[in-house]
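Single-letter residue listing:
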Amino acid sequence: MVSRPEFSARHFGPGSSDGGTPVVLVWRDQWLVVRRGVEVIHTLRAVEVEPAARGFNNAQLALQWTIDDDRHMVVLDSAAAAAFREVSPPALQHRLQPVAAVQRRTERRFRWGIALLAVLALLPVAALGLVLAFADPLAGWVVDRIPPSVEARIGESVLAQTRAQGKLITAGPAHEALQTIGRRLAGPEESLQFFVADRPEVNAFAAPGGIVVVNGGLLSLADSAEEVAGVLAHEIAHVELRHGLRQMVKSAGIRVLLSLAAGDYGQLAGWGAQLSELKFSRDAEREADSRGLSRLVGAEIDPSGLGRFFAKLESVEGAGGALPAVLSTHPATEERKAALEAALVQLPPVAVRPLGIEWPAVRAALESPRP
Amino acid sequence: MAMDEVDYEVFGNEMQYVEVELDPGEAAVGEAGAMMYMQDGIEMDTVFGDGSAQQGGFFGKLMGAGKRLITGESLFTTVFHNESNGKRRVAFAAPYPGKIIPLDLGDLGGTLICQKDSFLCAAKGVSLGIAFQRKIGVGLFGGEGFVMQKLDGDGLAFIHAGGTLKEVALAPGQTLRVDTGCVVAFQPSVDFDIQFAGKIKTALFGGEGLFFAVLRGPGKVWLQSLPLSRMADRIVRASPAAGGRGREEGSMLGGLALGGLLGGSDE
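Just so you know, the sequences run in chain order R and V. First residue of the first sequence: 20, per our numbering; consecutive thereafter. First residue of the second sequence: 92, per our numbering; consecutive thereafter.
For reference, chain R alone in the conformation it holds in the complex (with noise of 0.2 Å):
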């Protein structure tokens, strides 16, 4: 006697248990034999069987069959399914055809719908990416499609929160003196503002709209109205690139960007956008430095002066004194430095107006007792 292979499948129906009973399927010719143990329990033609694909993720084989309005099932598993498939009679093999046809498409739209949500799940990182390495011209386009109203009422905000944490000083030498160098840089259209921030800090910014403070550690540290000059001229650069109001639009978007991506790290996303600052800060700092040297020479002014400024910073950091607050946003890299230096002596040389301030006397007012 030849054997036949068998197949272990589980039935349901009248007689079996509610998890299904163990039973055998074997091939008798075209006849289908289901045992229970060694008790024959059914025997079915194969057109009688009806095949489906059924059971968690259709991974199943169904067979289904009726006696005296009894529904009955087997159930094989998708190992037994492939090996019963292959010893059916034809009359049951080309009905198995759709069977497996719905389990792979089954398998199919998982496929595609996984790879589906996968792009859905990393769309704001690759949005993030692209932001990020095309930054500084997308921030320039929104930049360039800011109104000159709303950069002069950002400026009024930020010369408000500067009034908030500290007083302005609005008489006096040092404003004056401030004044004085700023009329000499401006040019006649350009309504820029300057204004002398009451704080020890050796630091100076400019905002958005035409604002330019320079706190009063600064103006103490400056040993000529020359060397106030050329920061003056370097914060003038930084307003008229609209660098200030370049930074604000990109760090918003890479702040929204990334707290997308992260999901809830705000934390993380603060940092990070902040580190982006950073970089920019550089290239732009490069730029402001060239800007600014032409409007000194415009301006009759001595250029040199930025120069000694910086060198004047790095001394008072080689000295081992606290970092001075304008070096942490303005690094002053020795790139930057060669830059500068090289760009003097490829000056021409100019006419040089001297600008007849007198130094010590802004100084002293600045370091007596204000009311």
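Everything labelled a hint here was simulated from the structure, so no lab data went into it. All C-beta atoms, glycine included, are put in the ideal place defined by N, C-alpha and C.
Stretches of chain R that chain V covers, calculated by requiring three or more beta carbons in the stretch to come under 8 Å of a beta carbon on chain V:
| # | segment |
| --- | --- |
| 1 | 37-43 |
| 2 | 72-85 |
| 3 | 89-102 |
Based on these hints, arrange chain V on the given structure of chain R.
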């Protein structure tokens, strides 16, 4: 695969634990952190992966551990051996209110698909695997996610779920519509699908969500009456500290206040 025969006893009503008796040399695997107590003579051993015997080699173990990582289980399983000469007991406690049910995998055809996190403990030899939900719609809206847990073997396994557990036997072709999130476990012969709630009005205002889970027989399914997420949601909503709105308990004023009257009492 030799399964260890274990005797057990379930204690408690709504916050249950199961005490498993191990003969000398027998062992049980438990979900890390589920052990409640163990008697002298039981040795605890933490294994990388799922502690089932058939995994060979380092790579096999790594695969088992990776699967557990995907299901959100801890990477290590704990095996409890009885190293003494007599019978000893070890107990595993359910992590939240609900029921523990013992399932004999041998009676169920050797495989059971269950909700992840529902495994509590099993006789050593039961293998814990994962089964991906390959129907995208079910994975997204079926309430159980894409990753299910698969128990293989022919020994006893204990699963746990929230509220009251109901065993339902489905005849061939018989269907049962279930709220998403309430399906705990089912035999692999059961179809698990979703069905749109039907009417937009019902979907939006009926409070049952957009989809039902549809289970189609043959086979056994186990349902939970209270998914943990639902209970957690109610607790958070009732807790002022967690940003929900609190309700004064038994206070005259609280009961008489306009908000209290209008708010109803069934939230």
